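Between the sequences and the hints, there should be enough to build the whole structure, so can you do that?
Protein chains in written order, with this note's numbering: chain F, 1035 to 1383; chain V, 46 to 195.
Think of the hints as simulated: they come from the structure by calculation, not from any bench. Quick caveat: nothing in here was measured; it's all calculated off a predicted structure. We put the beta carbon where it would ideally sit given N, CA and C, even for glycine. Just so you know, not all the hints are guaranteed correct.
Some chain V residues flagged as far from chain F (calculated, every beta-carbon gap over 12 angstroms) [to be verified]: (1) H54; (2) Q56; (3) K98; (4) R103; (5) N113; (6) F119; (7) P171.
Listing some non-contacts, in silico: residues in chain F with all C-beta distances to chain V over 12 angstroms [as the list claims (entries may be wrong)]: (8) K1048; (9) W1053; (10) C1127; (11) C1270; (12) F1343.
Okay, derived cross-link-like pairs now, SDA-like style, lysine to any residue, Cα gap no bigger than 20 angstroms in a straight line [unchecked claim]: (13) V/K48 / F/N1310; (14) V/K53 / F/K1048; (15) V/K53 / F/L1243.
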Amino acid sequence: MGASYLAVGWNRQKKIYDWLIFGFCVLYLATFVVLTAIFNPDYTFETVLIRATSTLAVIILHVILSIGPLTRINKKFLPLLYNRRHLGVTMFCIILVHGSFSILQFHSLGNENPFVSLFTSNTHFGSLADFPFQALGFFALIIFFLMAITSHDFWLHNLSPKVWKTLHMFVYLAYFLVVMHVMLGVIQYETNPVFIIIMLTGSFTLITLHLIAGTREVKKDNVIYKLKQDGYVLVCDIKDIQEDRAKMFCVDAERIAVYKTGGKLFAVNNVCKHQNGPLGEGKVIDGCITCPWHGYQYLPQNGQSPPPFKEKVSTYDVKIEGTHVWLNPKAYAEGTERPGAVISVVNAE
Amino acid sequence: MIKPLRKKHLQIWVALAVLIPVGIISAWFSIPPAAKDKLLQPTSAVALPVVLKTYPSRGGFEFNIRTNTDTTQFQLEWINNKMLTYPTATIYETRLNDSNVQHGKLLGRIEARGSYYFMGDSTFIPNNISTYQLVLYDFIHQRNIDIIKL
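Rendered as structure tokens:
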């Protein structure tokens, strides 16, 4: 968790995940090449590669963009989130092959510099049918490139989470550019319906998932807690929180995670110091609240990362009356020890 | 994720929920009526039995005008002997000395090596054909690749 560069530590799960991604990509590309060789044997290798990589990249991009909302809708998808950046870098490599071979095939055979040709060979910006769609793909590639090279935690620390997150939000612009690159490009003259089916299904699914998950999250943020006493607000019943798990409450500006562990309730700020991950969606592992995004850990009683790490989050007071859980949204300084609220047998019943 | 970011995510997807369908529908309706894809030869296309006129090979390709036994149907047989250096080529038929494809008729699109068959009309009749030419047109780069007098 230091700010210096650390080599990526691949654990067993990450290795399995990466081999699965690699295996899927190889299988997809091989299947595409073999099917083309059978049904369209006269196509050149460059053409086959451009088409195979384009469809594969678009499929992976849709999977990547659906992981976020899926994890918010169902926690079973969380393992995919841990490794999302691996999928992102893989997709960038595939797009790079697609872009390189496209420029090679379409723009490197004349006297013009291929990159100059990319922007000057077609200047029909006013026409939708003849729009220079290749430029849209090029700009999307630049965004994916910036995201891929800054995907390591080294850049997250050095750019700060705010700048890093802003940069990575450009993925939505890149997605729109990809949609239009496909729609104004290959769809204008392609007979095979596979690509239009992928685009329609993919974009409809993504929009639906993001709107459902986003609306739910904003609703949670806007819950009004009416019952107040001595600065505390009534948030839930003890039974609403599972052992070693949390429930999140947005009482004021930001969410607070109330954890139930070891016969007590503890409240900490929901925002992980690493990448603003939702601590309340994690669980207690080895006595530490563990962020579901990248496994950063904090002690529930003081919000401090266990030594030698130095990350700290704010803590809050929580109390129990009967079976009701009361939370005081006034934050203590980051890393402040709090006693928590003891769950008695009577409370638990 | 922090609260403002959650709100921003939702706002972006609300905007995309409008922009993406508008973009897809606009692009779909912008496909020209004589779409280039529909002019790729059907897989079932076969050569008509009679060769009406043969033209000399031009480097990587050659072509012939074909017809049926009672000369009621006409066909352009296009043979790519080598891979074209322009992978996005279309064939237009235009009036002689008019190389503007917008004034001509799109016959079809060619891609890889192999033979292509495109149906023609009465302009392929021997008495008419000499007043026409074929324009090989690169629709990605929007320029003429070759002009061939018929």
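Please verify that the nearest CB of chain F lies beyond 12 angstroms from V/F119's CB. holds (24 angstroms)
For V/H54, is the shortest CB-to-CB distance to chain F above 12 angstroms, so the non-interface label stands? violated (6 angstroms)
Please verify that the nearest CB of chain F lies beyond 12 angstroms from V/K98's CB. holds (25 angstroms)
Check the non-interface label on V/Q56: least C-beta distance to chain F beyond 12 angstroms or not. violated (9 angstroms)
Closest CB-CB distance from F/C1270 to chain V, is it above 12 angstroms? holds (19 angstroms)
Taking C-beta pairs only, is V/N113 more than 12 angstroms away from all of chain F? Given a closest Cβ separation of 26 angstroms, the condition holds.
V/K53 and F/K1048: Cα distance at most 20 angstroms? violated (30 angstroms)
12 angstroms cut-off, C-beta based - F/K1048 kept clear of every residue in chain V: holds (23 angstroms)
Please settle this one: F/F1343 was flagged as non-interface, so is its CB more than 12 angstroms from every CB on chain V? Answer for F/F1343: holds, closest chain V Cβ roughly 21 angstroms.
12 angstroms Cβ clearance of V/P171 from chain F: The claim holds: V/P171 sits with its nearest Cβ about 31 angstroms from chain F, beyond 12 angstroms.
Beyond 12 angstroms from every Cβ of chain V: is that where the Cβ of F/C1127 lies? holds (23 angstroms)
Verify the proposed pairing of V/K53 with F/L1243, using a straight-line Cα cut of 20 angstroms. This hinted pair holds, its Cα atoms lying about 16 angstroms apart.
Checked against the numbered hints above, the structure breaks hints 1, 2 and 14 and satisfies the rest.
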